[in-house]
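Assemble chain B onto chain A, guided by the hints.
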Amino acid sequence: MTSRTSRTSRTLAASAGACALALGVAAPALAAPAADGDDTAMVSVFHGVPGLTVDVYANGDELLGDFEPGTVTDPQSLDAGTYDIQLFEAGQGPDGTPAVEKKIEVPAGANATIAAHLSADGKPRLTAFVNDVSKVDAGKARLTVRHVAAAPAVDVRAGGQPLFKGLENPEEDTTVVDAGTVPADVVLAGTDTVAIGPADLDLKEGAGNVVYAWGSAADKNLALAPQTLGGMESVPNGVDAGGSGAAVASNSSDQWVAWAAAAGTAALAGVLVARRAAGRRG
Amino acid sequence: MATAALAAVATLRAGPSDQGTPPPDFGPAAPARAAAASGLPGATEPSPPPAPHGERREAPPERVLVGDVGLDARVRPVGVTEQGALAIPGDPAVAGWYRFGPAPGSPRGSAVLVGHVDGDTGALGEFAALYDVRPGARVEVRRAGAGSAVYRVVARATVPKDGLPSSTFRRTGPPVLTLVTCAPPFVPEAGGYQANLVVTAEPLPA
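As given, the protein sequences belong to chains A and B, one line each in that order.
So the mapping is simple: my numbering equals the position in the first sequence, first residue as 1, plus 1233.
So the mapping is simple: my numbering equals the position in the second sequence, first residue as 1, plus 51.
One chain only, chain A, in its complex shape (with noise of 0.2 Å):
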């Protein structure tokens, strides 16, 4: 992706002259990611047609080439409003006819991903999935599988247990788990019989993972696709790094003194007490 990405760049900041961001060049309604928050929307783009390399406009203008199956575009800030998103057979657009077309609302705000895949039947569409950006507690990861392969609905099965139940094209559905390795595969909707995996899925701490189940059931290339959106994490909700009070039995050593007579009379308090109580974790 990186070098189709930057040979994209440079040709669209050659005719625009702004940042080397492709997505953001395309468009005039480009906005600088600080300027103004509240305009603007972060957007993704999945490529999930298995063998068609396309290039992709939006509203007329490139937005991204030689856009390869099976990859997502890091998110890029745009402004909010309506886009006109046509994917066309690399080298075919604008002026051809779209593999397919689809008038896409970007609200301010929000964080999305559009899809390029498969309808259930194998016709080529575009979905736009709104990305749940919400905080995750600290050690935790947000685990999405989104539906998007020609494939009858599937349930997502993670360390050998269902995860996700009758998922349907172009459904997703999402859950918080402990971040870490899990193997996890996709079955055909009430059975054992596995239509992809298993794979094991890196489930990053504070992030949304979002796994793309895509391709054609028919043409046997059914595949999972990976997105990482970060930015997600919490700080763990306390450190509590001490033990007996050992540390403030002021004849453990000369600093301790000077140290705790910092402290003041509550925590001399606090001290005597300690030396008499037994020592809980603290």
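Mixed in with the good hints, there may be bad ones.
Short derived list, chain A residues pointing at chain B, Cβ under 10 Å [as the list claims (entries may be wrong)]: (1) Glu1322; (2) Ala1323; (3) Ala1353; (4) Asp1354; (5) Ala1371; (6) Gly1464; (7) Ala1474.
Think of the hints as simulated: they come from the structure by calculation, not from any bench.
We put the beta carbon where it would ideally sit given N, CA and C, even for glycine.
Leaving out everything else, chain B in the frame of chain A:
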């Protein structure tokens, strides 16, 4: 013995002592400068900003040394407890590295090392030495599969436990090493120590 010490303490006691600020702290208030630099919440950013996709495995820390105060602790990665608190190695001779945040030597964010100030057996922890640390003290973090990351102490602050600045765990902004341990007052019936000692160090050029 305790009585004698108390007397000494009473004499030494100087000035008003707010509960949250016992030791002679120094340096810029870490929270302020870090807060300015920390990333905006809510916004998603391309996961690890410039690094292309994810697998930027940072060299994990193995040992932390502060020669000036004789601190020398092994380091192991830690996460969070069931209750969502930072998990801390039970052995006060061992420090924990918060593995969900940046690693020491990372080009951005606050790498957090934490150690018990003392153990349940009454032994002092290695991180108790942080109470003696002075500005400019050299902190060396030895890493697996990489050279040492070296820092210089710039600030120390004592904060109430429920007031630990969130910037302590920031993952963006200028790189710092943050060393955390517990601090008095010690109130057993309230769970032990009531404050955290936070030492901030900035990278030294290799």
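Hints that the structure is at odds with (numbers, increasing)
Violated hints: 1, 2, 3, 4; rest satisfied.
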